[in-house]
Amino acid sequence: MELNGNMCHGTEQTGRTDIAIARVEQVTPFPFDKVAKQIKRYSNAEVCWAQEEPKNMGAWSFVRPCIKTSTRKLNNMERKPRYIGRPTAAAPATGHSKLHAKELKDILVEAIHE
Numbered sequence: 001m002e003l004n005g006n007m008c009h010g011t012e013q014t015g016r017t018d019i020a021i022a023r024v025e026q027v028t029p030f031p032f033d034k035v036a037k038q039i040k041r042y043s044n045a046e047v048c049w050a051q052e053e054p055k056n057m058g059a060w061s062f063v064r065p066c067i068k069t070s071t072r073k074l075n076n077m078e079r080k081p082r083y084i085g086r087p088t089a090a091a092p093a094t095g096h097s098k099l100h101a102k103e104l105k106d107i108l109v110e111a112i113h114e
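Residue numbers for the sequence shown follow full-length UniProt numbering, beginning at 1 and rising by one.
For the record, the hints were derived by calculation from the structure and aren't laboratory data.
Cβ atoms here follow ideal geometry from the backbone N, Cα and C, with glycine treated the same way.
Check each hint, because a few of them may be wrong.
[What the hints assert, rightly or not] Quick list of simulated restraints, FRET-style, between CB atoms: (1) Leu74 - Lys98: 40 to 46 angstroms; (2) Pro92 - Phe32: 35 to 41 angstroms; (3) Lys105 - Glu25: 22 to 28 angstroms.
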């Protein structure tokens, strides 16, 4: 699973050892080789991208084809990453701090427990 921003902090506190988390700190220029290396390291794992921002915001639309290209470099076979995060929205935040916190918790639960 690849996470950005504060998402990693919530997942690191779970104590789960069956989840591999790769943190992507910089998406441009995209670290194709580093991502490919991590995916190769966990070849049986599902590749996911988790972010706090809605699907139509944040890095998802940029990194999705980049992750596919990274996997194609490994064995000429693309692995499509799965998106985990808020659905498409007109605004980047809910406008209510408690709802925002609940949505973030829901994203972390989906990322960790699937």
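Status of the hints after comparison with the structure:
Separated by about 42 angstroms at the C-beta atoms, Leu74 and Lys98 satisfy the suggested range of 40 to 46 angstroms. Between Pro92 and Phe32 the beta carbon distance is about 27 angstroms. The supplied range of 35 to 41 angstroms is therefore violated. Taking 22 to 28 angstroms as the suggested C-beta distance range, the pair Lys105 and Glu25 conforms, at roughly 23 angstroms.
Violated hints amount to a single one, hint 2; each of the other numbered hints is respected by the structure.
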